Amino acid sequence: MKKILGIFIKEFRFICQSICFLLLLIVSVLWIHTDVAHAHRPHDDVYHVELSPTYSQDQTLFITVRGNLLKSTDGGESWQRAWKGLNNRANLFAVSVFPENPKTLFVSSLGNGIYKSQNQGVSWTQVNQGLDNLSIDLLSISPQSPDIVLAAGEEKGLYKTKDGGENWYSVINSDAKITALGFSPAQTNQVFVGDTQGIVYLSQDAGETWKQMSTLAESGSITALAFSPNFATDNTVWIGTEKEGIFKTEDSGASFSNVNQGLSDPSIRDITIVSNGEKDITLWAATWDDGVFYSQDGGTVWQKSSKGLTKSPQADERQFSKPHFNDLEFSNTFSQDKTVFLAGFNGIFKSNDGGKVWQELDALSARLIVGLAISPDYANDSTIAVVNYVGEAYISQDQGVTWQPMKKGLEIPRFTQSFEEPLDDPRRYFDIGFSSNYKSDNTLFLGLLRDYFVKSTDQGNHWEIVNLKRVPGKFVRGTIIAVSPNFAVDQTLYLSTNQGTIYQSTDAGSSFSILQNLDYRVTAFVISPNFASDKTLYASGFDGVFKSVDAGKTWQKTTNNIDSMEKSWLELAISPNYAVDKTLIAGTNQGLFKTQDGGKTWIKFAGTTYGEDGYIEAVALSPNYANDQTFMITVRGKGTFQTVNDGETFTQIDDKLYLARVDNVPSASVPIKFSPAYAVDQTIYGFGSVAAKVFKSTDAGNTWETMAIPSQDYGYNPFTFLSLALYVHSTNLLKIIVAGVIAVITYFLTGKLGLEKKLPLSKLQIKAVSSFLVFVVCLLLIKILL
2 MKKILGIFIK
12 EFRFICQSIC
22 FLLLLIVSVL
32 WIHTDVAHAH
42 RPHDDVYHVE
52 LSPTYSQDQT
62 LFITVRGNLL
72 KSTDGGESWQ
82 RAWKGLNNRA
92 NLFAVSVFPE
102 NPKTLFVSSL
112 GNGIYKSQNQ
122 GVSWTQVNQG
132 LDNLSIDLLS
142 ISPQSPDIVL
152 AAGEEKGLYK
162 TKDGGENWYS
172 VINSDAKITA
182 LGFSPAQTNQ
192 VFVGDTQGIV
202 YLSQDAGETW
212 KQMSTLAESG
222 SITALAFSPN
232 FATDNTVWIG
242 TEKEGIFKTE
252 DSGASFSNVN
262 QGLSDPSIRD
272 ITIVSNGEKD
282 ITLWAATWDD
292 GVFYSQDGGT
302 VWQKSSKGLT
312 KSPQADERQF
322 SKPHFNDLEF
332 SNTFSQDKTV
342 FLAGFNGIFK
352 SNDGGKVWQE
362 LDALSARLIV
372 GLAISPDYAN
382 DSTIAVVNYV
392 GEAYISQDQG
402 VTWQPMKKGL
412 EIPRFTQSFE
422 EPLDDPRRYF
432 DIGFSSNYKS
442 DNTLFLGLLR
452 DYFVKSTDQG
462 NHWEIVNLKR
472 VPGKFVRGTI
482 IAVSPNFAVD
492 QTLYLSTNQG
502 TIYQSTDAGS
512 SFSILQNLDY
522 RVTAFVISPN
532 FASDKTLYAS
542 GFDGVFKSVD
552 AGKTWQKTTN
562 NIDSMEKSWL
572 ELAISPNYAV
582 DKTLIAGTNQ
592 GLFKTQDGGK
602 TWIKFAGTTY
612 GEDGYIEAVA
622 LSPNYANDQT
632 FMITVRGKGT
642 FQTVNDGETF
652 TQIDDKLYLA
662 RVDNVPSASV
672 PIKFSPAYAV
682 DQTIYGFGSV
692 AAKVFKSTDA
702 GNTWETMAIP
712 SQDYGYNPFT
722 FLSLALYVHS
732 TNLLKIIVAG
742 VIAVITYFLT
752 GKLGLEKKLP
762 LSKLQIKAVS
772 SFLVFVVCLL
782 LIKILL
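Residue numbers are given in this note's numbering: position 185 of the sequence shown equals residue 186, and the series is strictly consecutive.
In short, the hints are calculated from the structure, not lab data. A few of these clues could be false.
Calculated pairs, BS3-like style, for lysine-lysine (alpha carbon to alpha carbon, straight line, at most 25 Å) [as the list claims (entries may be wrong)]: (1) Lys558 x Lys601; (2) Lys409 x Lys440; (3) Lys104 x Lys85; (4) Lys601 x Lys568; (5) Lys85 x Lys72; (6) Lys308 x Lys357; (7) Lys583 x Lys595.
A quick note: this is a predicted structure, and the numbers were derived from the prediction, not measured.
Using the sequences plus the hints, can you model the full thing?
Here it is, written out as structure tokens:
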């Protein structure tokens, strides 16, 4: 009995050891590459940064980022959109402030000319008289007068105004593009410019006439110009080039010498001079790849100062091919506060220690809101939900007082099936919607920028990811959601992509089929409130408004009677009483239109209050439209307006509130949302900030409150981490289990073969060695075969 017990104990001990070994092996496999990913958010691509000349007092700076102009009054900690008067269709690009007065600024656009502000960027006026080229990418205000400004065309030409932008005229008409320009800081009329051919020009009459100076052979474009603060006496200018680093002239451009020792990157983006007295001069340079360098001996020797700067591989990709770093700007009291800013592809960087260490600031925050939806049962459940630019979804069940993150099932590894850090976060949200039967089915939907659709059937507590099939030759980009009003019965919803692909699901979003592939870009997509009977859908885009009356199978253009040349049909809202009034209201880049016969004819709204030819950025109709005749619009550069008489007159709501999607931040969600119970609660929600903020009115838009959505922990707890690890490594885990089962069978079978009589090993040793070898061999075979 004692002998049998001993054998049992040995066997039991081995089995326990084997199980521990197997578990250890499983954990080891799961642990490989399981660091939590911190994916780089989409690039901000800050083109220019400009500081107030009184920055030390007002902490004000401006940046142009993704075509938007942002302003900060707290040193870059927070940002506000500059929008009043900026009715540009094209991207904003260069910004310049008069060095003697922070109130005077100019900003250029790549297609709509130049805008001027005389109140420190609060409001803007277009100043294009005399410009025959409205694509302007360089601006410089003379330090002598805010009335004298030079502006360079994106492709060619140089223009000047000497009356503050009232009138412009051409001063250089060369085919070569002007790529750098600068005024002497001294009280002189000297100006230098450089072009794509490496030619430097000098004007001694504030830009009226020009003399060609030297040509920097093989240097590529002239990219930067910096005058010595003592130029009146030393005639010194530093020139940055595209390919050959920095050159210096000490004879006003008659000759140049190369000054590049220690400069590891010869592609110069900016040169700035900081002076603390006549002899205390420091040169600073920003380069394409390597960041920031400085020289304290006139450029003879350069030292790198780029600690903390970040780069994105996206900048190097063919579709971007952008510099990693651009403008350098210094505080007016740099010698005391050591504050300097740097614009770059990844965003805006700041240093508070004289450039020794840099910190990346949040400009176009990844948390800015891009989608908002209200529960159809809002009167009872008080529920709203939002998604931000990247990675976060929130729900509130108390009208926005408190917010809970919706994250289970939305972790990055569930999209990528890997713990490897992706180049770009796949959770680029584009639209959000509730089931029309949300009261009973608790279902929400998320449309993403690329490849995926996501649904939850438990009020956002858990999410299911659905991969969308691609049309050959097209991307799945920008999914717009349209839910059947009869969803409780037909389980139908539609997705439309920016690429024009129409998807249909008849199983509540669990799977989708490609219904139609339209040959135009879709910007708005709506479904008839009477869809169960009329099977009607509308889609608008750059080519007009299209209609389907057979549940999306075929489409016809409805805007043939409208001159659509250069007109983009951007926004679309359908009447809640469509079955009776057949009304839709459409916003275009050239005004507001309406149909009352289901798209057969369209008429244009007239109205000087909002600007009848304005760029309409949002349209939203009251759910009680049949009775209150109320809808709201947002007009680029003018603000958000409301009508209570079906468009006969419009009134601007809060003139500080701008309910519009941020330009060049992908989104399809309408930024103005009426409560389904608006007739009773008079509640409207909206978004449009460059931060995580939602706006709310409970008095029909007369007054508004701002609701900030606090950042919440989106990290993985141990249980979530284990769940993700099992999900990501499920295939490897299955392989280990199969090999382990075979090894255990081998262990017991080997014991019955009597090999201990033929080998110099004990029975237990033979069983252990054979099962281990079989385990390893099985793993190798499974890996080879599968």
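Exercise. Against the structure, test the hints numbered earlier, and report the numbers of the ones violated in rising order.
Key: Nothing - there is no hint that the structure violates, so all of them hold.
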